[in-house]
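Asker: The chain contents come next:
There are 2 protein chains.
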Amino acid sequence: MASSSYSISPCAACKSLRRKCLPNCIFSPYFPPEEPQKFAIVHKIFGASNVNKLLNEVLPHQREDAVKSLAYEAEARLKDPVYGCVGAISVLQSQVIKLQKELDATQADLIRYASSSPSPPSSVLFGRSRMGHGGSSSASYDQNSVFYYPSPRSNETCGHTQERGDHGSI
Amino acid sequence: MASSSYSISPCAACKSLRRKCLPNCIFSPYFPPEEPQKFAIVHKIFGASNVNKLLNEVLPHQREDAVKSLAYEAEARLKDPVYGCVGAISVLQSQVIKLQKELDATQADLIRYASSSPSPPSSVLFGRSRMGHGGSSSASYDQNSVFYYPSPRSNETCGHTQERGDHGSI
Numbered sequence: 001m002a003s004s005s006y007s008i009s010p011c012a013a014c015k016s017l018r019r020k021c022l023p024n025c026i027f028s029p030y031f032p033p034e035e036p037q038k039f040a041i042v043h044k045i046f047g048a049s050n051v052n053k054l055l056n057e058v059l060p061h062q063r064e065d066a067v068k069s070l071a072y073e074a075e076a077r078l079k080d081p082v083y084g085c086v087g088a089i090s091v092l093q094s095q096v097i098k099l100q101k102e103l104d105a106t107q108a109d110l111i112r113y114a115s116s117s118p119s120p121p122s123s124v125l126f127g128r129s130r131m132g133h134g135g136s137s138s139a140s141y142d143q144n145s146v147f148y149y150p151s152p153r154s155n156e157t158c159g160h161t162q163e164r165g166d167h168g169s170i
Numbered sequence: 001m002a003s004s005s006y007s008i009s010p011c012a013a014c015k016s017l018r019r020k021c022l023p024n025c026i027f028s029p030y031f032p033p034e035e036p037q038k039f040a041i042v043h044k045i046f047g048a049s050n051v052n053k054l055l056n057e058v059l060p061h062q063r064e065d066a067v068k069s070l071a072y073e074a075e076a077r078l079k080d081p082v083y084g085c086v087g088a089i090s091v092l093q094s095q096v097i098k099l100q101k102e103l104d105a106t107q108a109d110l111i112r113y114a115s116s117s118p119s120p121p122s123s124v125l126f127g128r129s130r131m132g133h134g135g136s137s138s139a140s141y142d143q144n145s146v147f148y149y150p151s152p153r154s155n156e157t158c159g160h161t162q163e164r165g166d167h168g169s170i
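Residue numbers (the UniProt record's numbering), protein chains in the order written: chain E, 1 to 170; chain F, 1 to 170.
You may find that some hints are simply not true.
No copy labels: a pair is met if it fits in one copy or bridges any two.
[What the hints assert, rightly or not] Below, computed lysine-lysine pairings styled on DSSO-like, alpha-carbon distance capped at 30 Å:
1. 20 with 68
2. 53 with 101
3. 68 with 101
4. 79 with 44
5. 68 with 44
6. 38 with 101
If you are wondering where the hints come from, they were derived from the structure by calculation, not from laboratory data.
Please take these sequences and the hints and turn them into a complete structure.
Answerer: Right under this line is the structure:
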């Protein structure tokens, strides 16, 4: 008579690693058998042993997010072996810097134009809080708030990702 | 008499892996012996074998950038085991969306205010190209231009990274 464990389909990790999927398998909740590719890419980039270690290092309620971010990083690295998801960081950093400059210049235009007119609305000269957007400081870019990636590509345009043609939504 | 190879200090990778550093060592140009930590973190997160494979998959002139991005990702993962550098992507995506909204609203304010005045400067109504910044479309956010990370934290404020206190510039 078969034991009860035989009736349970092994998770994608155990199936790939050709090992028995025990009830306390750390991979099982995050790598279901119907998503073999999810484990395959994480295993290819990070290695099952490293993923196992990492999952044991974080709290149980954080493991799902950890696996999601690992899968995202791994897929990005497969699509772009040179830059991985750091390419996205570089593009986003450029976009933030460009937008901040454009916002500063537009606000300066607004203030300059309003102050040269006879009766500017107070909202123009004293910020846009009436709109519920807050001042520009609310969204201003602080390089120290995220890991700054000093990309050699930082002088390129925001559109370079499409030019390289190897990025896409996951 | 010692052979010539003994006079060369092994690279950080070969030293860590306790193997002989041959002249054609793939790690040697990117993991100098004076930076043992650089290899240690990449090895801990990706594994030396995976890094070796990846370096062999990219062109020689791309390897330095590949190692830099791997080191960046690895350090981010050590600092934030749950989100790694995907946390930075999430923060930057939020910043871009906020800045784009604020820029759109400021430009709408400018146009509304200028059109209600007797003689608005043409630059206000017809874009800011005179300033050399281009229209907002030049910096507008296109989620498809980068890997979009549908973070569960996307509803949090841009400042949440500091609140968690585990991020910093590399």
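Asker: Evaluate each hint against the coordinates.
Answerer: Cross-check of the supplied hints:
1. For the homomeric pair residue 20 and residue 68, the shortest alpha-carbon distance inside one copy (24 Å) is at most 30 Å, but the shortest distance between copies (38 Å) is not.
2. Proximity of residue 53 and residue 101 under a CA criterion of 30 Å is satisfied in neither setting, with 43 Å inside one chain copy and 41 Å between copies.
3. Taking identical chains as interchangeable, the C-alpha atoms of residue 68 and residue 101 lie at most 30 Å apart only when they sit on different chains, with a minimum of 28 Å there against 33 Å within one chain.
4. In this assembly of identical chains, the alpha carbons of residue 79 and residue 44 lie at most 30 Å apart whether taken from the same copy (13 Å) or from different copies (22 Å).
5. Taking the shortest alpha-carbon separations for residue 68 and residue 44, both the intra-copy value of 15 Å and the inter-copy value of 19 Å come in at or below 30 Å.
6. In the homo-oligomer, the alpha carbons of residue 38 and residue 101 never lie at most 30 Å apart, since the shortest distance is 39 Å inside one protomer and 34 Å across protomers.
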